[in-house]
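Novice: Sequence:
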Amino acid sequence: MRLSTRTGIAVGCTVPLLVLASGWLLLQLVARDLHRAEDQHLRRRAVAVAPDARALLRASQHDRPKAADTRERQLFSAALDVGIRVVGPDTVFNGGPQPGPSVKLPVRTAGPVTLHDGPRSWRALARPFRATNASGTLWVFAPDTADRTQIRLVRRRVLLTALLAAPLSGLLAWGLAGTASAPLRRLTRRTAGLDPRTSSARLDQRRTGVTEVDELAATLRTVLARYDEQAARTAEALDTARSFSSAASHELRTPLMSMGTNLDILAGHPDLPDPDRAEVLADLRHEHARLLGLLVMLRELGRGDLVEAEAFRDIELSDVADAAVAEARRRAPDADIALDAAPGLTVHGWEPGLRLLLDNLLGNALAHGRDGRGAGWVRVGVTGGADQVLITVDDRGAGVPPEARGRIFERFQRGVDSAGSGLGLTLVTQQAALHRGSVTVTDPPGGVGARFEVRLPPGGGGLPGRRDWLIGTARANRSQDFPKDGP
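Taking numbering that gives the first Met the number 0, the leading residue of the sequence shown gets 0, the next gets one more, and so forth.
The set of hints was computed from the structure by calculation and includes no laboratory data.
Each hint should be verified, as a subset may be incorrect.
Stated by the list, open to error - Derived Cβ-Cβ restraints for the label pairs, each shown as a range:
1) Asp263 x Val222: 57 to 65 Å
2) Gly110 x Leu152: 24 to 32 Å
3) Arg151 x Arg5: 33 to 41 Å
4) Asp227 x Leu291: 33 to 41 Å
5) Asp227 x Ala432: 19 to 27 Å
6) Cys12 x Arg43: 45 to 53 Å
7) Arg43 x Arg156: 31 to 39 Å
8) Gly446 x Gly267: 50 to 58 Å
9) Leu159 x Gly94: 38 to 46 Å
10) Thr233 x Leu171: 44 to 52 Å
11) Pro342 x Gly446: 27 to 35 Å
12) Pro401 x Glu278: 32 to 40 Å
13) Leu280 x Val222: 53 to 61 Å
14) Val29 x Leu219: 49 to 57 Å
All C-beta atoms, glycine included, are put in the ideal place defined by N, C-alpha and C.
The task is simple: from the sequences and hints, build the whole structure.
Specialist: Put into structure tokens, the structure is as follows:
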């Protein structure tokens, strides 16, 4: 049902009720005013005829019939347009219009009352009085004009007005509601052809001047914008899933084939010498560790590509660095790992991502930053200022040549003797980019080894518009092939 039709029906039902309520109130007020006028008239007539009523009662009490008849005529002549009833101890005198004798009069009245005699109603006023050696009551009657033809006529006209007001008010409200809802109909036509699945057309910023319609249009624009955002994120998630499958299948092919070959050797040569069997088993363990590490790295790349802004919050970086260093010490108890972190230093970021960044930097330093004797020495620093937070990881390894410092952050870049997946520093770069920061490698202050520096804005800057590290990894993987490590 259209809004204009609903409005017309609602008004068409409401207006007659309001007319009836107003008419009832009007009738009550008119009836009260008529009663007030009648009562004032009865009081004036009662005051005027009271002396004649006392004289009539005295004459009847002294048994003077002729004087009583004279007083009675005088009483009824003075009454004019009202009815009179004088009630004495043992006699009653009636004259003029009044209720029949069957109507019972009230014993006590504080003021005018309404009496009913069949279809007619009367206003009555009682005035007690005393005469010589007797007391009586003077009743004055007048027809109740509040129940006369004029009141009934007003009542009929109120009913007729209510009956006419129903269709007229409904039609008028329907027309006005149709005009008022015209901007809403135009908005409906503008949005009817919008299909976010097939078209990029969206609502313009045209204002109608109707606050509710403009607010509804703004809400629709917000909903469509959120749909577009979610559709884009869904497409990115699908691309990420496809890329994960592509990268995993391509990169896992070589180690899986190597493992299959080694298993065939073990199965086909049960009498294999112990040294050869130990070498094959070590190779299997190496490839298994490489597979596990690669899957973990690809999973973390996918998590970074799909993280939402709601996951970011204020993080105390010193706590994250302390936890990462403690884990590195547990995994490499022979290494000398120290942390120098400024307390209370916070950044707006994703805590799992920041922990992943530090874990991979520490893992890279322990894997490639040992000195010639194989001793591990790593120093982690966390400092900050008003415009940036600086994370440094120093080691005493062979360092990174200047010409290779740009390539080591690329996907699947591994050293000749590396047992890693080639994605550890890629994860570091991804997390730095997610936090609107940067990562570089330089010479440490002592000149020996390498220093990795990560610079982050303390307040964050929102997520990048496009996050395709896993997708790019899959693309890069299609153009590269990496031989199996080891002999």
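Novice: Are the hints correct? Go through all of them and say.
Specialist: A quick look at each hint next to the structure:
About 59 Å separates the C-beta atoms of Asp263 and Val222, a value consistent with the hinted range of 57 to 65 Å. Distance hint check: the CB atoms of Gly110 and Leu152 are about 28 Å apart, consistent with the given range 24 to 32 Å. As the Cβ distance of Arg151 to Arg5 is approximately 37 Å, the hint placing it in 33 to 41 Å holds. A beta carbon spacing of about 39 Å between Asp227 and Leu291 agrees with the range 33 to 41 Å that was offered as a hint.
Asp227 and Ala432 have their C-beta atoms about 23 Å apart, which keeps the hinted 19 to 27 Å range intact. The supplied range of 45 to 53 Å is met by Cys12 and Arg43, whose beta-carbon atoms lie about 48 Å from each other. Distance hint for Arg43 and Arg156: a CB-CB separation of about 32 Å, consistent with the stated range 31 to 39 Å. For the pair Gly446 and Gly267, the supplied restraint of 50 to 58 Å holds, since their beta-carbon distance comes to about 54 Å.
Take Leu159 and Gly94: their Cβ atoms lie about 41 Å apart, and the range 38 to 46 Å holds. Evaluation of the 44 to 52 Å hint for Thr233 and Leu171 yields a pass: the beta carbon distance comes to about 50 Å. Range check, Pro342 to Gly446: about 30 Å between beta-carbon atoms, so the 27 to 35 Å window is met. At roughly 38 Å, the beta-carbon separation of Pro401 and Glu278 lies within the given 32 to 40 Å, and the hint holds.
The hinted window of 53 to 61 Å between Leu280 and Val222 holds, with their beta carbons roughly 60 Å apart. Range check, Val29 to Leu219: about 55 Å between beta-carbon atoms, so the 49 to 57 Å window is met.
Comparing the model with each numbered hint stated earlier shows that all of them hold.
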